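Student: Heads up: the protein sequence lines correspond to chains F and Z, in order.
Here the first sequence is numbered in our numbering, starting from 584 and rising by one per residue.
Here the second sequence is numbered in our numbering, starting from 6 and rising by one per residue.
For the record, the hints were derived by calculation from the structure and aren't laboratory data.
Keep in mind the model is a prediction, meaning the values are calculated, not measured.
From the three backbone atoms N, C-alpha and C, an ideal C-beta is built for every residue, glycine too.
Among these hints, one or two may not hold up.
Stated by the list, open to error - To list a few chain Z residues with every Cβ distance to chain F over 12 Å, as calculated:
| hint | residue |
| --- | --- |
| 1 | Asn65 |
| 2 | Ile126 |
| 3 | Arg128 |
To be verified - Which bits of chain F does chain Z cover? Going by a derived footprint, with three or more residues having C-beta under 8 Å, they are:
| hint | stretch |
| --- | --- |
| 4 | 597-608 |
| 5 | 639-651 |
| 6 | 666-672 |
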Amino acid sequence: MEITTKEYKRLAVMTVTGRIDSATSAEFETAIQTVIEGGKRNIVLDMADVDFLSSSGLRVLVTTRKDLNKSGGRITLAQLSERVQETLAIAGLDVLFESFPDRESAIASY
Amino acid sequence: MVTLRVGQLRAMTSRHLTVPGNLEEIETICNLVFEAAREAGLDERSNYAIQLAVAEACENIIKHGYGGEGRGAIDVQTQADREGLTVWLSDTAAPFDPTRHPVNKPSPRDDPPAGGLGLLILRRSVDKLRYSRRRGKNTLRLWKHRKADST
């Protein structure tokens with residue numbers, strides 16, 4: 584898994600590639616926490632190249648959404664890969680997260 | 006006269022792998038399941054679903070069964086046949102039946118619980134699931150059927 588983060592004035596865009604599973608979810612969570620601790624309350628997660636998402640990764644997404652909502656921020660998902668969509672649908676969480684077909688529309692939603 | 010249709014007889018192919026119970030090995034197991042699922046003629050969506058189920062089951066074995074990484078092995082066997090793919094996962098951890106453990110269904114309208122998603126995903130990703138325990142070994146059997154129009 585690789586994560587690159589680009590910070591803007593009002594939000595951060597995090598691009599994740601590879602697998603988000605039990606072996607990588609701690610690293611995924613740390614990367615998100617680092618962005619939040621840096622002062623960003625709005626995150627766009629670009630998931631176009633995520634080829635595997637398991638419950639470990641979903642747990643991080645659910646917890647992050649909850650924490651950001653509490654502090655007046657939000658997380659949005661952009662360019663969901665088919666695999667990500669499939670995991671979200673199986674878990675019944677496909678309607679929980681705001682998602683956009685591309686990064687630009689996700690960024691523009693803020 | 007017997008007419009043989011091409012593809013009617015599908016050879017049964019099987020694979021077998023034993024890995025240490027470490028989380029990074031789950032990807033290795035998924036790669037094996039991916040190849041086995043292709044041999045079984047599962048479509049892409051079904052292929053991913055069985056990989057997901059196996060990953061969730063293995064994470065449970067490592068974290069909850071063995072109580073952590075490096076404490077035991079996971080044995081994986083697959084069999085592809087005309088109906089689809091069967092996967093057996095075996096371990097020597099403490100007894101745990103994922104087919105009977107209660108699961109909280111997440112509710113998108115409320116704040117869903119972050120826990121319990123693994124078992125939910127495991128059960129929803131396969132067509133059939135069976136647990137057995139014999140001589141100190143747990144075995145979980147997972148089935149994923151081919152769709153009727155899969156080639």
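Student: State for each hint whether it applies.
Tutor: Going down the list of hints, with the structure as the test:
1. Asn65: Non-interface label on Asn65 of chain Z violated, nearest chain F Cβ at 10 Å vs cutoff 12 Å.
2. Ile126: Nearest chain F Cβ is 5 Å from Ile126 of chain Z, so the label is violated.
3. Arg128: Non-interface label fails for Arg128 of chain Z: nearest chain F Cβ at 10 Å, not farther than 12 Å.
4. 597-608: holds (count 4)
5. 639-651: n = 6 at 8 Å, threshold three: holds.
6. 666-672: n = 3 at 8 Å, threshold three: holds.
The structure fails to meet hints 1, 2, 3 from the earlier list, while all remaining hints are met.
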